[in-house]
Amino acid sequence: MEFIFTLLGATLRISTPILYGALGEMVVERAGILNLGIEGTMLLSAFGGFVAAQLSGSIYLGLATAIAIGILLSLLMGFLSITLGLNQHVCGLGITLLASGLALFLFRIIYGGESIPPALEESFPQLRLFSGTILEPVFSQYVFTYAAFLFVPLLAWLLYRTSFGLRLRSVGENPEAADTAGISVFRTRYVALIIGGALMGIGGAFLSLAQLGAFTHGIINGRGWVAIAIVIFGNWKPWRVLAGALLFGGLQALQLRLQAEGVQLPYEILLMLPYVLTIVAIAITGRNASYPAALLKPYRREG
Amino acid sequence: MKKLALLVCLLLLLASFGGVAAQDEPLVVFGAFATPIEEPWDGVIHAALTKAQEDGLIDYSFQDEIGYSGDMEIVLREVADDLQPAIIFGDAFGNEEAVRRVARDYPEIAFVFGSGLGPSQPNLSVFDNWIHEPAYLSGMLAGSLTESNVIGVVGGYPVPEVNRIINAFVQGATEANPDAQVLVTFLNSWFDPAAAKEAALAQIDAGADVLFAERFGVIEAAQENGLLAFGNMSDQNELAPETVVTGPVWDMEPTVDFVINQVASGAYTGLDLKDFSMMGQGGASLAPYHSFEDTLDPDLVAMVSARQQEIVDGLFRVDINEEIPAEAVVPGEATIGG
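Protein sequences, first through last, are from chains A and B. Going from the first sequence to this note's numbering is simple: count from 1 and add 1042. Going from the second sequence to this note's numbering is simple: count from 1 and add 59.
Please note that the accuracy of each hint is not assured.
Unchecked claim - Which residues of chain A face chain B? A few of them, derived with a C-beta cut under 8 Å, are:
no.	residue
1	T1048
2	L1146
3	S1157
4	I1158
5	Q1253
6	G1255
7	A1256
8	A1295
9	R1299
10	Y1309
11	Y1333
To be verified - Now the in silico label distances, taken between C-beta atoms and shown as ranges:
no.	chain 1	residue 1	chain 2	residue 2	range
12	B	G341	A	G1154	21 to 29 Å
13	B	G177	A	M1314	26 to 34 Å
14	A	F1191	B	L142	50 to 58 Å
15	B	D358	A	W1267	24 to 32 Å
16	B	S207	A	L1315	24 to 32 Å
17	B	S128	A	E1310	18 to 26 Å
18	A	L1139	B	G115	36 to 44 Å
Treat the hints as calculated values from the structure; they're not laboratory data. Glycine residues also receive a C-beta, built at the ideal position from the N, C-alpha and C atoms.
Whenever a hint applies, use it, and build me the whole structure from the sequences.
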């Protein structure tokens, strides 16, 4: 029984950065932009947030910096893919390469020559609810995790219950019609990128400012790419994206715990588990995938 | 006659001067690393070369993050043609064939590479992080310090270099405490501290109260739970002074110094430089205890020190076992894989 609760707790922790990334990517893609800059955006945000927190001594300033970096890189993505109308795949990958290189370069300038990764004196603490009860391992989480779960209904409300959400979805489905209806396609897409970038920034900051309180260059390690897969799995819907993030996080938590419990299975099978089952799940659900119709298409007015 | 004598003297003087000048001129040395130098493995090589540069022994430049997709050969050939260094240090893991091909084409350059394979004449020497001895000593400490009799180990990949460190640690732990059970988890990643931390938390939930952090991220989990941990590769006490007892440390200085001397004296040849990364030559050591100096049981420290002296004196050999640690595989797997 205890195993189940510690497993749930680990699931929530592991899902958190992926959920932030996936929610951010979902918002952007709903507006018609595939942001492959997510991996680099999360990395540079994690790094920038860490440096700001260390220099200023304030983890909140660190978080703000991480969000600001996420937004700035997304604005760059917007300038390239919306304003200039360049290929989204190329722009996104370019931003990931730029941000990764920049993070490594700045890391070397600031922390070069140290044999152990730099760490914060004080990182975000865990918020322990239900202390002393059997639920404690489930609800001993960082504020980021609780907040991530609040973002899911918030984004569902934003997308489906507000006029802004309607505009956002319409520029992702049929920008020509939206333009005819007087909606600014460019501005709506930029706003979507800003929201998405902020969420990606928080996801990066979770790793460097809360879960580890330290920075090393492998800190994101593909979580951005996983987030993109989760968006497809989630069919661009907030609640299903949450389910996808929890599924992936849960399997990851399970394989680490089975290894630790000394379950007699080759560890390679355990390591494969989250990825294999995610692929299977996408193969099943992906058949009904309903891509935003205008995804990947730069918008240009006719004539 | 007098003139001739003067000329001879002058020539001798010049020759000796020239000889001295040649000796004083630092050797040109290049570092070729597949990973960023922030990665601990290549970081150790880079640190030793930087130190030799500061000591005025070599004229050192490097390129890192060369990767595993063919660039290593290009970089090595360009450097060999343009810079024409006396020695190229680097790591050949993942680039073995490229390194060996280039080394064959430039026999006048000493190639000294981290490798899981053997040396090759005339000019390719190999080294590796042979830090199983201090890993064994760390295991002795861990086995004595655990109260739950469960020790957790989080490793990157089950490759020979990692396996022999973990196996030596397990050997030390079970020797000091026959009841100790060691949990081994692999991440299949060299660099994912968040996953490493989760793996360590899972081991803590499974009862582990002492952790061996082959990778970064584990120490944070131990610290958060008020447990003890052992670092790896470098002295990591600074990360968590109340948590990190000690750990195996790798130092490439003896290897670098030896190779520089060999090349400078013209005696260089392709060798397995293993011994220079072990305790006897100072290439491996146990990290300082720092604040644990005062809190560790003196009898335990004395036992470990005595064993360390036996290793340095050549009286005790730590087994080199590069099989996948038994805890991490199905029974019988070892014989299939081995």
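Here's how the hints hold up against the structure:
At its closest, the beta carbon of T1048(A) sits 5 Å from a beta carbon of chain B; the interface hint therefore holds under the 8 Å criterion. Checking L1146(A) against chain B by beta carbon gives a least distance of about 6 Å; that is within 8 Å, so the hint holds. Satisfaction of the interface hint for S1157(A) is found here, the shortest Cβ-Cβ separation to chain B being roughly 4 Å, below the 8 Å cut-off. A least Cβ separation of about 5 Å between I1158(A) and chain B falls short of the 8 Å threshold, and the interface hint therefore holds.
With a least beta-carbon distance of about 6 Å to chain B, the hint placing Q1253(A) at the interface is held under the 8 Å criterion. Checking G1255(A) against chain B by beta carbon gives a least distance of about 7 Å; that is within 8 Å, so the hint holds. Because the beta carbon of A1256(A) sits about 7 Å from the nearest beta carbon in chain B, less than 8 Å, this interface hint is met. The interface hint given for A1295(A) holds, since its Cβ lies 7 Å from the closest Cβ of chain B, which is under the 8 Å cut-off.
Hint status for R1299(A): holds, given a least beta-carbon distance of 4 Å to chain B, under 8 Å. Taken as an interface hint, Y1309(A) checks out: its beta carbon lies about 5 Å from the nearest beta carbon of chain B, inside 8 Å. Among the interface hints, the one on Y1333(A) is violated; its C-beta lies about 30 Å from the nearest C-beta in chain B, farther than the 8 Å criterion. The beta-carbon spacing between G341(B) and G1154(A), approximately 26 Å, falls within the hinted interval of 21 to 29 Å.
Between G177(B) and M1314(A), the C-beta spacing of about 33 Å keeps the proposed range 26 to 34 Å intact. A beta carbon spacing of about 56 Å between F1191(A) and L142(B) agrees with the range 50 to 58 Å that was offered as a hint. The hinted window of 24 to 32 Å between D358(B) and W1267(A) is violated, with their beta carbons roughly 52 Å apart. In this structure, S207(B) and L1315(A) meet the distance hint of 24 to 32 Å, their C-beta atoms being roughly 28 Å apart.
A hinted range of 18 to 26 Å holds for the C-beta pair S128(B) and E1310(A), which are about 23 Å apart. Evaluation of the 36 to 44 Å hint for L1139(A) and G115(B) yields a pass: the beta carbon distance comes to about 38 Å.
Consistency note: the structure conflicts with the earlier hints numbered 11, 15.
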